[in-house]
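Those protein sequences? They're chains A and B, same order as listed. Per my numbering, the very first residue in the first sequence carries number 1; after that it's consecutive. Per my numbering, the very first residue in the second sequence carries number 1001; after that it's consecutive.
Hints were generated in silico from the structure; no laboratory data involved. Quantities reported herein were computed from a predicted structural model and do not represent experimental measurements. The reader is advised that the hints may include incorrect statements.
Unchecked claim - What follows is a set of in silico ranges between Cβ atoms, one per label pair, in the way DEER data are often shown:
| no. | chain 1 | residue 1 | chain 2 | residue 2 | range |
| --- | --- | --- | --- | --- | --- |
| 1 | A | K358 | B | L1055 | 47 to 57 Å |
| 2 | A | V41 | B | Q1006 | 41 to 51 Å |
| 3 | B | G1019 | A | E488 | 38 to 48 Å |
| 4 | A | G298 | B | V1037 | 46 to 56 Å |
| 5 | B | V1037 | A | G229 | 17 to 27 Å |
| 6 | A | T37 | B | L1014 | 29 to 39 Å |
| 7 | A | L11 | B | V1012 | 51 to 61 Å |
| 8 | A | L452 | B | G1031 | 16 to 26 Å |
Note that CB positions come from ideal geometry on N, CA and C, so glycine has one too.
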Amino acid sequence: MAILSLVLFGLVIVAMAAYGYKISARTAEDYMLGGRTIGVVVMFFFVLFAVSSSWTFYGFPGMLYLHGPGYVFFIWGSVAGFAALYMFIGPRMWAVSRLNGFLSPVEVLSERYESKALRIILSLSILAFIVPYVGIQPLGVGVGFEALTGISAIWGALYTAILLVLIVLLGGMRIVAWVNIFLGIVYVSALLGSLVWVVSALLPEGLTGAAQYLLKNNPAQLSAPGPRGMFTPVLMAGTFIVGLIAFSWPHIAIGVMTARDKTLFKWFPLLIFLFGGLFFYVIPFLWGSIVAPAVKPGITTVAEADRIVQTIITEHLPPWFSIFVVMGVVAAAVSTAAVQLMTSGVIVARDIVQGVFKPDADDRTITSWARYSVVIIIVLSMAVSVWQTQAMALYLTDVSIPGFAQWAPALVGGLFWKRGTKQGAIAGTLAGVIYLALGLVFTVGGKRVLLLNLHPVMPTLLLNTIIYIVVSKLTPPPSESIQEQFFEEVDAFLRAEGSR
Amino acid sequence: MREMLQHTPGKVFLLVLLGSIVGMLAAILSGVMERTVLVLGFITMPLLAGILFVLIWLVAYLVYFFKFWPFR
């Protein structure tokens, strides 16, 4: 029953992708950026469910279950970070890429700084940190699959990986965005439906009763630093700052380039605040911090905590609903990883293959390269994730996000600071990436001494930013033509009436 | 952001957002999140702090983007 349902669910998704393949134009712009025709509603589903992965369903509640509510500051920071992307960076990134036909955010920066070397550095560093993150998604599904069926997690992971490859090979960015609407609806229904059902079935006094139970039996669950004393004020502040850097996630940043017109940037933050901040992310928070600890206390291992939501649903709700919830997790994983894979494919094809090796490649060639690279990336990412297993939540916040952050100074400086130079961007990015890699690898007694025992993003981003500013100040400013192209023309375009 | 820095409403908007971030960090570091307080019976301090933070951003955004944003 479970396997048959998941196969049917997969077939629906593949059919949508195949339809997308049939109707799509065969241009690189259409494949990579959905022809720059994404409106507010589709963008909302596209971005929210690109952000919300199996981590939101499993890793986030798992972390809250084990360590109390302190981890939620990552969410509050992220909500502000995503809003900042669309309020501050988005309009300029969209305008400059539309005016000049840029297809990837890395291309925008390489043209802004007039540097092929920076293009290679940014491409490789973004790919290096996005690959493990992609692999988390199929493995996340595997966790739910195992909790539901008892069959090894690897089969759930393989199922998701095959779905992902088919969607991205057939569909491109437009269909990934459209499929995310379907996946998002399934995802929200499963996440919210499971919470409402479990609360009404197992907690007769509702959330208040559950909270009062915890207050009596496990009060540390309801405040920082949490039951194990992990979330000190300093760690919570760091977690919040890490969330704020969400504007630099490359698979989210590329979304702004797909926008149909500038009005999207006026309306989009409203959905982020109302639906994302005040509704959607509160659901897994309640699941992990109150409902799960009240319904099933006593879990102590990370692996069990990561699947606590699925375990409770499987134990207490009808089998058909458990299957539906796993579909929701598949939807969450696929909607995120498909965008990550598309972003990776765009970077490989547009920035590495065409940008460096085959400048004369036509649309057909780079689109093919984008598709080939997706297969390689998914295999690589799953291998990395299987090899380097750790808690889902920590993987995201400790490895991928600090890596994504390393292009932030070049990105922000490139769009807002005329004085930012290619030497500054190259020096800052290289310093940040190398420092991060060394800091993560070299540990003494389990402590990351090179990172001063701080969150990896803090010292590395600070060093990156300082070097970017200092070196930019010490080197000749960008040419007049670049300043005109990336600042004056962009301002004029954005101010113009009907600037579509 | 460049366009926001070129007029007073934009500067006020950015100051409000910055102030909310500083306020959130100050609240966290003050130790207030370590209090076991349940608003409406189930809203813990970290959840309450986040809801207030998002509301501040929401109101500031609504006022600025729909009334003052030069590219609106």
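Status of each hint after checking the structure:
1. K358(A) / L1055(B): 47 to 57 Å: Taking Cβ atoms as reference, K358(A) and L1055(B) lie about 51 Å apart, which means the hint holds.
2. V41(A) / Q1006(B): 41 to 51 Å: Cβ of V41(A) to Cβ of Q1006(B): about 31 Å, so the range 41 to 51 Å is violated.
3. G1019(B) / E488(A): 38 to 48 Å: violated (31 Å)
4. G298(A) / V1037(B): 46 to 56 Å: violated (25 Å)
5. V1037(B) / G229(A): 17 to 27 Å: holds (19 Å)
6. T37(A) / L1014(B): 29 to 39 Å: With a Cβ separation near 31 Å, T37(A) and L1014(B) satisfy 29 to 39 Å, so the hint holds.
7. L11(A) / V1012(B): 51 to 61 Å: Given a distance of about 53 Å, which is inside 51 to 61 Å, the answer is holds.
8. L452(A) / G1031(B): 16 to 26 Å: Since the Cβ atoms of L452(A) and G1031(B) sit about 23 Å apart, the hinted range of 16 to 26 Å holds.
Going through the hint list in order, the structure does not satisfy hints 2, 3 and 4.
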